[in-house]
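**Q** As a plain string of letters, each chain reads:
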Amino acid sequence: MLLIHCPYCGEDRSELEFRGAGDAHIARPTNMADISDAEFEAFFFLRQNPKGIIYERWRHIHGCGRFFNAVRDTVSDRFIKTYKAGEPKPDINAAPATDAKVETYEALEGDAR
Amino acid sequence: MADQTQALRREPLANAHGGSGGVRLTPAKPASRISLRARADAVGALSSALGLDLPIRPSASAISNGRMALWLGPDEWLVIDENGADLMAAAASAGAMHSATDVSHRNTAIIVSGPGAATAINSGCPQDLSLKACPVGKCSRTIFGKAEIVLLRMSEDTFRVECWRSFSPFVFGLLAEGAEDAAQ
Amino acid sequence: MQKYSIFAVVREAMRGNKGWKAQWTSPEPRKEYDVIIIGGGGHGLGAAYYLAKEHGITNVAVLEKGWIGGGNTGRNTTIIRSNYLYEESMDIYEHALKLWEGLSQDLNYNVMYSPRGVMMLSHSVHDQQSFKRHVNANRLYGIDNEWMTPEQAKAYCPPLDISKSARYPINGAALQRRGGTARHDAVAWGYARGASDRGVHIIQNCEVTGIRRGPDGAVLGVETNRGFIGAKKIGVSAAGHTSVVMNMADVRVPLQSSPLQALVSEPLKPIFPCVVMSNTVHAYISQSDKGELVIGAGTDQYNSYSQTGGIQIITHTLDAICELFPMFRRVKMMRQWGGIVDNTPDRSAIQGVTPVKNLFVNCGWGTGGFKATPGSAHLFAHLIARGEPHRLAAGLTLDRFRTGRLIDEAAAAAVAH
Amino acid sequence: MSGANRITGKGRLTPARTVRFTFDGKSYTALQGDTVASALLAHGVHLLGRSFKYHRPRGILSAGPEEPNALLDISRDSARRQPNVRASVQEVFDGMKAESQNRWPSLSFDIGGINNLMSPFFGAGFYYKTFMWPKKAWHSIYEPFIRRAAGLGVAPTEADPDHYAGRYAHCDVLVVGAGVSGLSAALAAAETGAEVMLVDEQPEAGGALHFDAGVTIDGQPGYDWAQATVARLQAMDNVKVLTRTTAFGYYNHNFVALVERVTDHLASPDRHTARERMWQVRAKRVIVAAGAIERHMVFANNDRPGIMLASAARTFINHFGVAVGSKIGVYTAHDSAYEAAFDLRRAGVSIAAIVDTRDNPGTGVLAEARSLGIDVLTGHSVTDTSGKLRVSAMHVTRNGGGAVRKIPVDALIVSSGWTPSVHLFSQSRGKLRFDAATQRFLPDTYAQNMVCVGACNGTDDLQAAIDEAVSAGVSMAREAGIDGSASTTPRGEARFAWTGGMLGAGEGAGADTTVKAFIDFQHDVCAKDIRLAVREGMHSIEHIKRFTTNGMASDQGKLSNMHGLAIAAEALDRPIPQVGLTTFRQPYTPVTFGALISHSRGDLFDPARKTPMHAWEEAHGAEFEDVGNWKRAWYYPRAGETMHEAVNRECRTVRTVAGVFDASTLGKIEVVGPDAAAFLNLMYTNAWDTLKPGRCRYGIMTREDGFVYDDGVVGRLAEDRFHVTTTTGGAPRVLQHMEDYLQTEFPHLNVWLTSTTEQWAVIAVQGPKAREILAPLVEGIDMSPESMPHMSVAEGKICGVPTRLFRMSFTGDMGFEVNVPADYGQAIWEAIWARAEPMGACVYGTETMHVLRAEKGYIIVGQDTDGTVTPEDAGVGWAVSKKKTDFVGIRGLKRPDLVKEGRKQLVGITTKDPHVVLEEGAQVVADPNQPKPMTMLGHVTSSYWSENCGRSIAFALIAGGRAKMGQTLYVPMPDRTIPVEVTDLVFFDKEGGRING
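If you read the sequences in order, they're chains X, B, Z and S.
Residue 73 in our numbering sits at position 73 of the first sequence; the count goes up by one each step and never skips.
Residue 5 in our numbering sits at position 5 of the second sequence; the count goes up by one each step and never skips.
Residue 137 in our numbering sits at position 137 of the third sequence; the count goes up by one each step and never skips.
Residue 605 in our numbering sits at position 605 of the fourth sequence; the count goes up by one each step and never skips.
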């Protein structure tokens with residue numbers, strides 16, 4: 001059960017209060033009616049699904065109700081940062097990239113490499 | 001509400017009773033409530049119209065003369081008047097852009113009191129309810145088992161638990177189990 | 001290949017079991033293969049097996065970054081069924097089920113396919129409508145699936161609580177008798193043995209780090225932690241890691257990888273005869289031959305490659321199990337674990353060509369990949385060998401997300417109204 | 001007497017406090033505080049169970065949770081029965097019934113023991129190689145046989161009458177384990193002022209101090225110091241101590257799950273007390289002081305009852321006062337076993353010999369053995385044992401060969417060293433490192449905010465462990481934000497510093513042998529099985545585990561993993577770290593489902609949502625159906641009526657008089673703000689700016705992909721206020737969907753959304769007499785057709801209570817929906833019913849509502865649509881604005897496959913025989929005689945007997961349906977084929993005049 005910092009409440013709260021809401025920073029085209037099928041596919045379906053840093057949205061649905069954004073490592077499940085909706089995508093080059101020290105279960109088991 | 005209509009009212013927890021040696025559970029008396037939504041620039045006008053300072057600090061509440069304003073989100077307050085005052089009219093008189101919606105009957109409340117109150121609530125609520133993390137006056141919407149609640153700490157060992165009416169038997173039932181376990 | 005039989009078992013027992021040979025070999029990689037399959041799970045190993053057996057293509061390597069069968073093949077709750085709604089789904093899952101029925105004999109490896117019946121519980125009028133839609137569609141398609149009254153369901157699965165006082169009383173069930181379970185590890189090992197025997201190279205601890213392409217865009221081979229390995233064709237069957245691999249070829253696929261958890265109880269004497277699923281209360285349960293209750297939990301709500309998730313997912317499914325089977329409250333959870341499932345937007349798989357020449361993909365099996373294993377592997381081999389999909393997999397192509405021809409099994413189950 | 005082997009003056013239990021229990025029907029006396037294991041050992045009972053595969057007789061191996069053999073069925077009554085309970089952990093209570101498992105007909109004579117003779121045929125993985133012929137025999141013959149033989153205990157068959165509790169908790173520092181290290185760490189952290197939780201799985205604190213009588217701390221015997229320290233901690237306000245509590249799972253972000261066993265040790269627990277309590281603790285910092293687990297020696301027939309871990313024997317003598325034998329052999333590769341021998345010897349037990357496989361044991365212990373007159377055979381090994389149901393002799397030889405000496409013993413205690421308990425550390429996803437010098441895996445890289453101290457961290461020296469723990473207590477508290485200091489550092493002294501340890505097979509069980517040298521006792525995995533797996537090409541430790549099932553038993557490899565790994569490494573000729581390690585998963589020890597679900601049972605399993613009128617409906621005989629979390633009145637049978645009859649009556653009555661219906665569960669969202677109409681324009685396919693205040697409109701909502709998501713009537717109360725309704729099940733997700741767009745895509749709009757589903761009780765009054773029923777009750781609203789036409793809304797009062805009154809219809813007849821604040825719902829319902837009933841009206845439920853709307857061709861989203869249906873498909877394409885330049889779904893709707901010819905379209909279908917009612921979900925075909933797999937055109941979405949039409953009616957989604965009007969299609973059912981005709985959707989009142997009354 002994750003512990004998530006809500007940027008609006010200013011507190012760490014249990015994952016039970018939140019709902020994940022998919023990738024962040026995917027802007028809905030303003031000329032929606034005019035985009036091509038391929039553009040629509042890219043907007044609505046295609047995702048990076050990164051193994052490592054993901055920019056994602058959460059909603060503090062059983063809390064302040066706000067959608068906000070988070071930067072998280074999908075390998076360690078560690079949050080690097082959460083920030084309010086509308087704030088620019090943070091440059092996290094300064095922050096550690098995928099933390100190689102933290103391993104998936106998969107990497108902890110089986111033959112050592 | 002007028003007196004003659006009072007007789008027509010059936011509150012969802014009218015006959016509920018429960019608790020344990022260390023925790024009392026009491027259905028709160030009927031109150032009027034609005035869900036108030038507004039941007040920051042309207043807070044002043046709404047505060048004067050409602051006669052209490054709408055809190056702008058997260059999780060803060062303001063209480064005065066049986067009227068409470070609970071910060072639920074950056075543009076959202078739950079305003080409760082235990083005397084049944086017409087909060088819709090009060091808000092409307094502010095003259096500033098806002099949304100007020102009557103939720104008096106949507107919600108009902110349970111007062112949880114006694115030395116085991118926090119423990120009883122922690123039977124289903126994942127928040128840290130120690131006085132350090134949750135001082136008197138702190139409020140928040142949160143989760144309680146499989147129901148959503150709004151929690152307000154009224155004193156060291158008294159909480160107000162607001163929930164939607166159809167969830168109230170569940171919330172009361174889980175609080176009753178929590179109260180029993182807290183007494184062990 | 002050393003043939004397995006009761007006689008072999010007796011013979012070897014007399015010799016102290018010293019004569020058993022390696023089930024598959026672990027060769028050094030060649031410089032180049034006709035086909036490289038990325039991902040040594042049941043789907044990938046099976047595809048290699050069928051490439052060799054049915055298409056005569058034996059210069060094949062299966063590259064596995066860990067140990068074969070170590071991904072979702074070895075982490076799932078082994079449910080097999082084919083009672084899906086849409087023709088695209090019925091085609092592939094029924095194809096798989098037919099292969100399951102003869103797989104032990106085909107592989108000369110007991111994969112313990114056990115058609116003990118998969119029962120899906122109906123708890124509401126809406127469930128009933130949805131299940132009968134499945135039952136009727138399956139019947140006309142030649143797939144067994146039958147509606148049962150609560151009493152019939154109880155007779156088939158005695159631990160079931162069919163009392164009206166339940167929170168969500170059971171108002172019937174759909175039963176596929178040919179559905180059941182199989183031994184997951186045996187599937188990977190059986191295919192590996194069969195493929196290895198036919199000359200396929202199974203290369204473990206070999207992680208693909210890049211896909212090299214020629215000037216015409218076609219694949220040339222893969223970069224790995226053991227160096228470059230050439231390939232005329234590449235099939236990607238990497239489940240939860242498909243996005244990672246496909247990104248190496250600059251192909252984006254509509255996938256999200258998230259944790260899927262499961263658990264087993266301590267071993268118990270036989271008490272649970274079949275597989276029971278309930279979508280309404282979110283419960284999936286069967287009992288393994290070792291005696292453990294095998295219980296499938298849900299997916300966590302976020303993308304993750306960690307193969308672990310929150311305990312609330314586990315407790316949520318146990319809530320439902322104990323509601324359906326109140327006597328199990330005293331049973332103990334012995335182990336919980338997680339896998340990485342790759343879900344598509346319509347919760348149906350993708351198998352087909354990609355924008356990159358000679359790069360083929362098989363992914364998006366989500367929570368349903370195990371049951372598809374032989375069918376998916378068989379059709380994937382066809383795709384790789386022929387360069388175009390088999391008729392039974394023709395609907396699973398990648399372009400459906402652009403055109404809107406989705407195969408939305410989840411949506412067809414719809415929602416309460 | 002509490003047993004002949006109870007040694008007077010030994011142990012910490014009180015001789016006068018006795019309890020009675022039975023084992024396999026025989027009654028025994030035990031002492032309060034005994035475990036089942038200690039109590040039975042006191043009576044000389046060693047045989048407690050049978051193994052999983054070979055049904056070999058087994059005894060007690062350990063005194064802790066790692067026990068693989070002595071698993072019993074423990075009950076206090078028939079419903080309170082618990083299989084697979086470790087005898088080494090379960091405390092005896094008065095009246096307890098214990099039964100052995102996995103044997104028939106009796107524990108001492110078990111038919112299944114024949115498996116032991118057949119064992120050469122049952123090598124690891126044998127079942128993969130046979131049982132394949134004939135094809136169907138696996139499921140019908142072999143599998144049932146294997147299933148019956150497998151499994152250990154018998155699952156309870158009655159519903160569990162006990163209840164369980166759960167709590168969330170927070171603390172600054174959670175300390176797991178109350179041995180020397182855990183206590184020292186907890187004390188230090190507590191002294192800084194941090195909020196500390198200290199948990200230990202045993203009934204009292206002390207950990208290894210239970211057995212290790214050679215330790216003194218601050219001048220006291222270790223165990224006494226532990227009790228004094230716990231008392232001190234318990235007296236502190238900032239400390240919570242939980243005993244009988246296992247930290248079983250370490251999850252993300254320092255979330256640790258504990259299970260507290262509250263009543264399983266009590267003779268007559270209070271019925272209000274939960275049997276077990278699950279704690280879910282979010283700790284700022286965690287200190288794991290989980291200790292280490294002793295390993296057995298791997299040699300032939302090392303599994304006979306009477307063979308046990310040296311530390312277990314030491315626990316039994318020092319804590320329980322029980323001698324596990326009268327002439328005890330010792331086989332060890334580690335000094336710690338010597339101390340067990342010393343303690344037993346001093347208690348008057350004869351030690352046959354200490355057989356040490358090492359040439360050079362620790363000098364201290366050697367000298368002490370000599371002074372006690374104990375025979376020590378260094379460089380020797382036990383290569384086999386004798387005995388049937390209990391060990392009777394150990395076979396000793398010099399390493400490398402030589403004569404075998406059979407030394408009679410009645411117990412054999414063993415140790416090959418200690419494995420640090422890194423389970424929680426591994427669960428936290430920390431990375432281990434193999435310490436070649438000590439042949440063990442130790443915590444290396446931490447992944448979470450935690451630290452390991454003491455034996456589980458490989459810190460062997462007592463004072464070093466204490467110092468490490470104290471320093472961790474202070475630093476973890478500081479990291480948790482508590483800046484205090486600790487004043488106490490305990491001083492500990494151990495009599496001996498231990499050396500030694502070995503992994504893998506011992507003498508006589510090496511590479512070429514076929515003896516049964518057990519590694520995993522419960523699953524009967526022997527050293528030779530590991531080697532077989534390697535021979536068969538299993539080179540990854542995970543493959544070896546899965547092939548042999550080593551470590552997959554209920555102890556999850558606590559004793560077997562390291563031995564298995566070492567034997568595999570040897571067979572593979574690779575160093576241990578290159579073979580890897582299997583994963584430690586949660587839980588550390590098995591946890592009951594009851595504790596995991598805690599309160600979630602019965603009424604608390606899932607909230608059952610009921611409307612304000614529910615009690616009235618129940619009292620008036622309503623049957624209810626589940627719709628999402630809601631209970632909705634389905635139909636109201638009168639005495640003697642079937643469902644069919646009741647629904648027919650209700651349908652007739654509504655059309656001829658009127659009906660009253662509870663529509664409260666429909667979702668309601670108040671949309672308020674100057675941009676409310678603009679927002680709804682984007683969320684619905686329809687246009688909303690043209691809707692005038694006081695009027696309503698039916699709206700369709702699509703997702704971005706163009707498929708129908710929800711529908712409902714929206715009323716405009718004012719320029720800036722809309723009352724939106726949604727489907728019952730759709731309410732939460734529609735609100736979430738709207739909030740998502742509002743906050744994320746359209747934050748510039750001045751509009752807010754509030755759920756009002758539960759604010760309003762909704763009473764629909766439908767039928768020709770609807771107005772007549774309501775009008776006299778309503779104040780301040782002109783209900784005349786002119787001022788309140790179809791699809792309008794007004795605010796006023798009903799019976800003195802505020803109402804939002806809608807003129808709308810889901811039946812096609814004139815109708816109103818009365819919204820009143822929910823607490824008034826039942827009173828207003830009763831007032832309306834008081835007028836309606838005398839006029840001959842009825843109350844009706846959802847079934848009648850469904851029939852009536854179908855008669856009129858109104859769709860139900862979720863029944864007549866699924867997630868693949870567009871508004872056009874569903875026949876409501878008229879609700880999609882052609883003028884708007886944007887709304888959610890506008891682009892998705894234009895994709896090639898959504899505008900293709902031949903899509904499934906919702907049409908009416910009628911059976912040729914009007915009395916035949918189709919099955920909902922039935923499939924429709926053009927040619928019923930085609931072979932399977934058939935080409936299906938679509939399916940029946942709704943189907944009813946329509947009393948008002950005098951025939952059956954149905955909707956179906958049919959490929960190219962609207963072009964097939966009038967055509968005959970077929971519905972093939974198992975028993976017959978039903979011909980049907982394609983029609984439009986409206987079956988009743990095609991002209992639509994009734995809506996105006």
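Don't read these hints as lab results, they were simulated from the structure.
Quick caveat: nothing in here was measured; it's all calculated off a predicted structure.
Just so it is clear, CB atoms sit at the ideal spot from N, CA and C, and this is done for glycine as well.
Some hints could be false.
DMTMM-like mimics (lysine to aspartate or glutamate), calculated; alpha carbons at most 20 Å apart, straight line [what the hints assert, rightly or not]: (1) Lys912(S) x Glu872(S); (2) Lys136(S) x Asp106(Z); (3) Lys53(Z) x Asp197(Z); (4) Lys900(S) x Asp37(X); (5) Lys900(S) x Glu146(Z); (6) Lys883(S) x Asp689(S); (7) Lys797(S) x Glu779(S); (8) Lys135(S) x Glu223(Z); (9) Lys53(S) x Asp289(Z); (10) Lys357(Z) x Asp408(Z); (11) Lys132(B) x Asp37(X); (12) Lys26(S) x Asp110(S); (13) Lys904(S) x Asp408(Z); (14) Lys84(X) x Asp110(S); (15) Lys388(S) x Asp110(S); (16) Lys18(Z) x Asp512(S).
Listed below are several chain B residues computed to face chain S (Cβ distance under 7 Å; list not exhaustive) [to be verified]: (17) Glu82; (18) Phe167; (19) Gly173; (20) Asp181.
Just a sample of chain Z residues kept apart from chain S, beta carbon distances all over 10 Å, derived [unchecked claim]: (21) Ala13; (22) Glu28; (23) His55; (24) Asn59; (25) Arg139; (26) Thr149; (27) Pro169; (28) Gly210; (29) Gly230; (30) Met248; (31) Asp250; (32) Val356.
**Q** If a hint holds in the structure, say so; if it does not, say that too.
**A** To see whether the hints hold, each was checked on the structure:
1. Lys912(S) x Glu872(S): The hint is violated at about 27 Å.
2. Lys136(S) x Asp106(Z): 14 Å, holds
3. Lys53(Z) x Asp197(Z): 10 Å, holds
4. Lys900(S) x Asp37(X): 14 Å, holds
5. Lys900(S) x Glu146(Z): 34 Å, violated
6. Lys883(S) x Asp689(S): 12 Å, holds
7. Lys797(S) x Glu779(S): Measuring from Cα to Cα gives roughly 5 Å; hence the hint holds.
8. Lys135(S) x Glu223(Z): This hinted pair is violated, its Cα atoms lying about 43 Å apart.
9. Lys53(S) x Asp289(Z): 12 Å, holds
10. Lys357(Z) x Asp408(Z): Violated, at roughly 28 Å.
11. Lys132(B) x Asp37(X): 55 Å, violated
12. Lys26(S) x Asp110(S): 18 Å, holds
13. Lys904(S) x Asp408(Z): 14 Å, holds
14. Lys84(X) x Asp110(S): 68 Å, violated
15. Lys388(S) x Asp110(S): 13 Å, holds
16. Lys18(Z) x Asp512(S): 9 Å, holds
17. Glu82: 15 Å, violated
18. Phe167: 5 Å, holds
19. Gly173: 6 Å, holds
20. Asp181: Asp181(B) check passes; min Cβ-Cβ to chain S is 4 Å, inside 7 Å.
21. Ala13: 4 Å, violated
22. Glu28: 14 Å, holds
23. His55: 25 Å, holds
24. Asn59: 21 Å, holds
25. Arg139: 7 Å, violated
26. Thr149: 14 Å, holds
27. Pro169: Its Cβ does come within 10 Å of chain S, the nearest being 8 Å, so this is violated.
28. Gly210: 25 Å, holds
29. Gly230: 26 Å, holds
30. Met248: 25 Å, holds
31. Asp250: Correct as stated: the minimum Cβ-Cβ distance to chain S is 24 Å, above 10 Å.
32. Val356: Per Cβ check, Val356(Z) is outside 10 Å of chain S; nearest 23 Å; holds.
The structure does not agree with the numbered hints 1, 5, 8, 10, 11, 14, 17, 21, 25, 27 stated previously, though it agrees with the rest.
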